[in-house]
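Given the sequences, and given the hints that come with them, work out the whole structure.
Heads up, the sequence shown is in full-length UniProt numbering, so the first residue is 1 and it goes up one at a time.
The set of hints was computed from the structure by calculation and includes no laboratory data. Careful: at least some of the hints might be erroneous.
Said to hold, decoys possible - The calculated DSBU-like cross-link candidates involving lysine-lysine, where the alpha carbons are at most 30 Å apart (straight line), are: (1) 85 - 108; (2) 101 - 50; (3) 65 - 50; (4) 50 - 93; (5) 108 - 50; (6) 101 - 80; (7) 111 - 85; (8) 101 - 111; (9) 99 - 50; (10) 108 - 93; (11) 80 - 108; (12) 111 - 65.
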Amino acid sequence: MFGRGSPRMNLIQAATMKKISPRSTTNKRKKRTSPKVGHLRANWNSGLEKGLVEILQDHNNGCYKGQNRWSSEAWNRIVKLFHEKFSYVTFTKCQIQDKEKELKRDYKALKEARQQSGVSWDERLCRIEAEEPIWNNVTTIS
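Written out as structure tokens, the structure reads:
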């Protein structure tokens, strides 16, 4: 062990200290950060998902859609209505759009799985039922 303030300890500390270049001390630029920094991850529950689906269904008509997707005005309206309905959450427009994409993807996977022969839908439990070999086939497709 080296004593505090010993020449050998000072030398080791000096070698491990990061040297600052003169250029970085004179040029103080603000670092750019990703726009996602500072935003918390969106925590969705089934009530929020259901509310979003209801709002999206209300806007599923020609005046809000163009070229197979919602217009930016429609998205702004959807986000506003979502925040009015659920005032305790603060999701960004991007987070709501990402959730809509995720819901669409899940719906397509469920729809495709239900079309497989040997697969049935349990209305009471709201789930797919199938024998194990068929289930393995369904899960590898999705």
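Here's how the hints hold up against the structure:
no.	hint	result
1	85 - 108	27 Å, holds
2	101 - 50	14 Å, holds
3	65 - 50	21 Å, holds
4	50 - 93	17 Å, holds
5	108 - 50	17 Å, holds
6	101 - 80	18 Å, holds
7	111 - 85	29 Å, holds
8	101 - 111	15 Å, holds
9	99 - 50	11 Å, holds
10	108 - 93	23 Å, holds
11	80 - 108	27 Å, holds
12	111 - 65	23 Å, holds
In summary, this structure violates none of the numbered hints.
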